[in-house]
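Listed below, chain by chain, are the residues.
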Amino acid sequence: MTEASSDKSCSGQSVLEMRGVTKRFKDKTVLDQLDFSVSRGSVTGLLGKNGAGKTTLLKCALGLQTPQAGTISVLGEDSRVLSGAAKARLAYVPQEVSLYPWMKIRQVVAYTAAFYPLWNSRLIERLIKEWEINPEDEVGPLSTGQLQKLGILLALGHEPDFLVLDEPVASLDPAARRQFLATLLDIALNGERTILFSTHITSDLERVADRVAILKEGQIVYDDELALLKDSVKRLRINASNGLPNDLRSLPGMLHCEANGKTAVFSLRGFQTELPERLAREWSAEVSVEDLNLEEIFLELHHS
Amino acid sequence: MAATFLFQIHPTSGVPIYRQLMEQVQSHVHAGRLPVGEMLPSVRQIAEELQVNPMTVSKAYSLLERDGLIERVRGQGMRVKAAARAMLPVKDRRQIILPLLEQVAAKAFQLGLTREQVLAALTPLLKERGDD
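Top to bottom, those sequences are chains A and B. Numbered by this note's numbering, the letters in the first sequence go through residues 1 to 304 in order. Numbered by this note's numbering, the letters in the second sequence go through residues 305 to 436 in order.
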């Protein structure tokens, strides 16, 4: 049920292109001839169950892991042999940030800044204040959440064109999550910069992302505007006084259906506004439609 | 006007955020809370205050502009179009109330109420507002 979007197929507008990518670990296939692209200026949330391969996808995308098959280009270059210039425009924050424990935060920042010809120290100083980070703290005793905050901070200093984050909010408390989302939106407001982040917390994604990609069984099964996904996937309740039709389950786009006697509850994709009226007429039934949020849609897509 | 004053966004609702924004602008215009000529908050302002993706806000504004409810003023932003209120057709007003009615229908179905029973309950409520 791959839905390829037509508006972002060509190279100039995409910062990441993955074609036919297969990645296996021993006999386990994690990415299975996967196609995926990310267009410039978008904020894309990558959704998938635990173990779906989100981290593997991100690492392959940046050349940190090498797939067995397929081609990947990031910022127009082959991801396996990225130039220094391309790397200077990229940033990646792994799920678990590891830094030198004996350094003070102030020292880690200076150390990281030294790697980049362009480093926005004003931005970093502002974020250190806003995010309530104490530059004199040592890295060693920091909690997972504090380390994650610091990892994100360090990734922003060189103002990357393409920012890739693996589960950026998993360890953050609600206040820190809000601050982080505000910063992401600030970056998004710039319009030219691109963000790709994986998450399993759908509520964060709903605010900040304009696109959503869903990874399932090694492939991207959905990749489009978040709003279109919500317009497309609906739950219908049907009460047919003359009994349900036999071909109910073969309705186009059917995801998951539970029927009991004269009533049925089912979810489908590709919903059209005239559908309820048509079904009501054809099946002489009462039909009601329910909007689904991203979490519910995610669950419905994983039923089938 | 502050965006948080005009709009309430529920990101985890099943209604896409762009449609929530559109419906709220339509309601404000129709109720006269956003008078003709009034400037709307900028995309950036809404995105920052409500913490939503700016593309989402742009999408809502573009669709409202296409529908003729608001217009772009060069260098200043979006404002409520003259005659916007009069031209909000019945179809659109019905579109605004439809989600609520769908909830009513679903609840009535759950409770096993008939069509007549629901209409009988709704009719006096409409009369109270002097619409009958």
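Take these hints with a grain of salt, some might be off.
What the hints assert, rightly or not - Distance windows between CB atoms, simulated:
1. B/Ser331 - A/Lys26: 20 to 30 Å
2. B/Arg348 - A/Pro135: 24 to 34 Å
3. B/Ala306 - A/Gly191: 22 to 32 Å
4. A/Pro135 - B/Arg337: 41 to 51 Å
5. A/Ser203 - B/Gln414: 48 to 58 Å
6. A/Asp78 - B/Gln399: 46 to 56 Å
7. A/Val265 - B/Leu417: 51 to 61 Å
8. B/Arg348 - A/Gly76: 26 to 36 Å
9. B/Gly372 - A/Thr22: 45 to 55 Å
10. B/Val377 - A/Pro117: 26 to 36 Å
11. A/Pro101 - B/Val377: 28 to 38 Å
12. B/Asp396 - A/Gly191: 52 to 62 Å
13. B/Gln414 - A/Pro101: 22 to 32 Å
If you are wondering where the hints come from, they were derived from the structure by calculation, not from laboratory data. Every residue gets a Cβ at the ideal spot worked out from N, C-alpha and C, and that includes glycine.
Is it true that the C-beta distance of B/Asp396 to A/Gly191 lies inside 52 to 62 Å, as the hint says?
-> violated, 31 Å
Note whether the CB distance of B/Val377 and A/Pro117 lies within 26 to 36 Å or breaks it.
-> violated, 42 Å
Could you tell me whether the CB distance from A/Val265 to B/Leu417 stays inside 51 to 61 Å?
-> violated, 18 Å
Is 28 to 38 Å right for how far apart the beta carbons of A/Pro101 and B/Val377 are?
-> At 56 Å between Cβs, range violated.
Measuring from beta carbon to beta carbon, are B/Arg348 and A/Pro135 in 24 to 34 Å?
-> holds, 30 Å
With 22 to 32 Å as the target window, see if B/Gln414 and A/Pro101 comply at their CB atoms.
-> Taking Cβ atoms as reference, B/Gln414 and A/Pro101 lie about 57 Å apart, which means the hint is violated.
How does the Cβ-Cβ distance of B/Arg348 and A/Gly76 compare with 26 to 36 Å: does it lie in that range?
-> The hint (26 to 36 Å, Cβ to Cβ) holds, given that B/Arg348 and A/Gly76 are roughly 29 Å apart.
Is the distance from the Cβ of A/Ser203 to the Cβ of B/Gln414 consistent with 48 to 58 Å?
-> violated, 26 Å
Kindly confirm whether 46 to 56 Å is satisfied by the beta carbon distance between A/Asp78 and B/Gln399.
-> Hint holds: Cβ distance 49 Å, inside 46 to 56 Å.
Could you tell me whether the CB distance from B/Ala306 to A/Gly191 stays inside 22 to 32 Å?
-> Since B/Ala306 and A/Gly191 have Cβ atoms about 24 Å apart, the given range 22 to 32 Å holds.
So the hint says 20 to 30 Å: do the beta-carbon atoms of B/Ser331 and A/Lys26 match that?
-> With Cβ atoms ~58 Å apart, the hint is violated.
State, for the Cβ atoms of A/Pro135 and B/Arg337, whether the hinted interval 41 to 51 Å holds or is violated.
-> Given a distance of about 47 Å, which is inside 41 to 51 Å, the answer is holds.
In this structure, the hints that do not hold are numbers 1, 5, 7, 10, 11, 12, 13, in rising order.
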